[in-house]
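Can you build the whole structure from these sequences, using the hints too?
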Amino acid sequence: MASYFSGALQITDLDDFIAPSQECVKPIEIKKADKASDGLIRIQKDGSYVEEKKDGSKRVLQRAQITLNDCLACSGCITSAEHILITQQSSAELLKVLAENESCSDQDPAWKLVVVSLSLQSILSLAQKYALEAQECAKKICGYLKKKGVHRIYDISTASEISLRASTSEFIERWKKRDEDPFALPMLSSACPGWVCYAEKTHGNFILPYIARAKSPQQIMGSIVKGHLARNIFCKKTNQIFHVTVMPCFDKKLEASRPDFASPIQDDGNGGIRDVDCVLTSIEIQDMILKDGVDLTLVDPENLDEIIPCPDAPIPDHDYTVLGRMGSSSGGFLHRVFLRAAKTLFDTELDTVELKQIRNQDFQETILEKNDQAALHFALAYGFNNIQNMIQKLKRKKAVGWQYVEVMACPSGCVNGGAQIRPDNDEVKPRELASTLSQKYAELPKWDDVQDALVDDLLKAWLDVRHPGDLSKSNPKTACLFTEYHAVPKMGKIGLNPSNPVTRGDLVRIVERRPDLGFVVKRPAERLRGSA
Numbered sequence: 001m002a003s004y005f006s007g008a009l010q011i012t013d014l015d016d017f018i019a020p021s022q023e024c025v026k027p028i029e030i031k032k033a034d035k036a037s038d039g040l041i042r043i044q045k046d047g048s049y050v051e052e053k054k055d056g057s058k059r060v061l062q063r064a065q066i067t068l069n070d071c072l073a074c075s076g077c078i079t080s081a082e083h084i085l086i087t088q089q090s091s092a093e094l095l096k097v098l099a100e101n102e103s104c105s106d107q108d109p110a111w112k113l114v115v116v117s118l119s120l121q122s123i124l125s126l127a128q129k130y131a132l133e134a135q136e137c138a139k140k141i142c143g144y145l146k147k148k149g150v151h152r153i154y155d156i157s158t159a160s161e162i163s164l165r166a167s168t169s170e171f172i173e174r175w176k177k178r179d180e181d182p183f184a185l186p187m188l189s190s191a192c193p194g195w196v197c198y199a200e201k202t203h204g205n206f207i208l209p210y211i212a213r214a215k216s217p218q219q220i221m222g223s224i225v226k227g228h229l230a231r232n233i234f235c236k237k238t239n240q241i242f243h244v245t246v247m248p249c250f251d252k253k254l255e256a257s258r259p260d261f262a263s264p265i266q267d268d269g270n271g272g273i274r275d276v277d278c279v280l281t282s283i284e285i286q287d288m289i290l291k292d293g294v295d296l297t298l299v300d301p302e303n304l305d306e307i308i309p310c311p312d313a314p315i316p317d318h319d320y321t322v323l324g325r326m327g328s329s330s331g332g333f334l335h336r337v338f339l340r341a342a343k344t345l346f347d348t349e350l351d352t353v354e355l356k357q358i359r360n361q362d363f364q365e366t367i368l369e370k371n372d373q374a375a376l377h378f379a380l381a382y383g384f385n386n387i388q389n390m391i392q393k394l395k396r397k398k399a400v401g402w403q404y405v406e407v408m409a410c411p412s413g414c415v416n417g418g419a420q421i422r423p424d425n426d427e428v429k430p431r432e433l434a435s436t437l438s439q440k441y442a443e444l445p446k447w448d449d450v451q452d453a454l455v456d457d458l459l460k461a462w463l464d465v466r467h468p469g470d471l472s473k474s475n476p477k478t479a480c481l482f483t484e485y486h487a488v489p490k491m492g493k494i495g496l497n498p499s500n501p502v503t504r505g506d507l508v509r510i511v512e513r514r515p516d517l518g519f520v521v522k523r524p525a526e527r528l529r530g531s532a
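Under UniProt numbering, residue 532 is the last one in the sequence shown; the count climbs by one each step, no gaps.
It is worth saying that the hints were derived from the structure and are not from the lab.
Computed from a prediction, not measured in an experiment: that's the story for all the values here.
Note that CB positions come from ideal geometry on N, CA and C, so glycine has one too.
Certain hints may be false.
Unchecked claim - Here are the simulated DSS-like pairs of lysine-lysine, each with C-alpha atoms no more than 25 Å apart in a straight line:
#1 Lys176 - Lys477
#2 Lys177 - Lys54
#3 Lys343 - Lys129
#4 Lys236 - Lys477
#5 Lys473 - Lys460
#6 Lys291 - Lys96
#7 Lys446 - Lys429
#8 Lys477 - Lys177
#9 Lys343 - Lys440
#10 Lys176 - Lys395
#11 Lys147 - Lys236
Claimed, not checked - Pair ranges (Cβ atoms, derived):
#12 Ile358 - Asp260: 32 to 40 Å
#13 Asp292 - Gly401: 47 to 55 Å
#14 Pro259 - Lys395: 26 to 34 Å
#15 Arg231 - Thr348: 25 to 33 Å
#16 Ala375 - His467: 49 to 57 Å
Shown next as structure tokens:
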């Protein structure tokens, strides 16, 4: 199958991605056996593993069940075998829950209240595919999913706003500590899970202190649904909610599977109750629509649900509107942090941020000058090549004065996520499509003061926050809006000859199966790279 992971996670030979292909380093479950059971393990032509004992008996070895948690805790590859990621979080999981709901009442312990949260990038992707306006497309997606049995459907714009506020507050805190903390700046954005996973597995403790602790919009939405809405609006236990997000990339499946984003209190035997139970992507929603034989353009539209702060709050009676933000179509993190920092730190009110292209359109910078000096120096780095260049400059201490970098693993950012719907016409290049979607994002109505007030009310009701513009990680009330990162230990040595081991480091492993010899040859290949 084609691969859809971001450049920082990619394990197949695609443009701007890591090459060549590699397999999981934990493919076979090895069980302890007594010395009398010595034998050979042969790899068959079909790839299966067969144990041959001295008495002539044979048995097929079972593949180990590798979970997403195993993948996150292993440095054997940048990410795991893709079929594992896709099958453990797929539309089949959602359909299974919906089918179980049909066979029982809402009083049955097996019944789940199903909540879906839509990303704006996925709405735009589906709108482009079906030649719909974003507003109309969002309502038709809502109509389609509710007809299938989904109970509540939101977009994640409220969570995005909270993530932006948390990020700006964290930057101000880091700025004030910059003289005493050598890792305070530059602050690197944390909304892209492909970038975060790559940083944890490849650069570890060197880079992690620089990454913002503010949760991504997806995970803040998970906290809202499982924390606030479940308890105060739905009046349900956390484990009675099945929360699905629709995202533009498969990397979000990895993010939702992090143990950090599961409740340790209500342990379900699988690491806790997750804030996001299942992540579907733009192409998976399209596949569901196609399998159902549905023409999305003919679906009856329905308004998306509104997040309300408390049960007695009035439900808005206006039509739902998809709202964008100033700045990049990846969430506008650089834009928001820059404007807030200019106002708070230098008493400078700006209406917009002017970015200057440096190396290419995926690497841009902006500077606020005060007294002929660069008071603020921010950058935007998209795509694996630019991420590598950024990290090398940090390692050589040549960060040219950056205080903040918006980092995204995919070239052109989230609108070009690996799980966005590609055009049927091969003549339309990915960058052209991304440019079109970015333009459509820029044309959306903008977030306004009315929406800000609703978020203020939500934060007061949910977290008892009296100053909603200041969300500090050090405040116990708002600590749930932040997370931590974990360097993944290197695997050490691999190789057939113990006296001449191969150092894993940043090398990609090639597996050569030799059924005739009955073993697997492991040899080093080229270093991780990204194509221009």
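Each hint tested on the structure:
1. Lys176 - Lys477: Holds - the C-alpha atoms of Lys477 and Lys176 are around 21 Å apart, at most 25 Å.
2. Lys177 - Lys54: 67 Å, violated
3. Lys343 - Lys129: Not OK: Lys343 and Lys129 at ~40 Å, beyond 25 Å, violated.
4. Lys236 - Lys477: Holds, at roughly 22 Å.
5. Lys473 - Lys460: Measuring from Cα to Cα gives roughly 16 Å; hence the hint holds.
6. Lys291 - Lys96: 15 Å, holds
7. Lys446 - Lys429: Outside the cut-off at roughly 28 Å; violated.
8. Lys477 - Lys177: Distance of about 22 Å is within 25 Å: holds.
9. Lys343 - Lys440: Cα-Cα ~29 Å, so violated.
10. Lys176 - Lys395: 23 Å, holds
11. Lys147 - Lys236: It holds: about 22 Å lies between the C-alpha atoms, which stays within 25 Å.
12. Ile358 - Asp260: 32 to 40 Å: About 34 Å separates the Cβ atoms of Ile358 and Asp260, which means 32 to 40 Å holds.
13. Asp292 - Gly401: 47 to 55 Å: Given a distance of about 53 Å, which is inside 47 to 55 Å, the answer is holds.
14. Pro259 - Lys395: 26 to 34 Å: 29 Å, holds
15. Arg231 - Thr348: 25 to 33 Å: 41 Å, violated
16. Ala375 - His467: 49 to 57 Å: Violated, since Ala375 and His467 (Cβ atoms, about 25 Å apart) do not stay within the stated range.
Figure legend: structure checked against the earlier numbered hints; hints not met, in rising order: 2, 3, 7, 9, 15 and 16.
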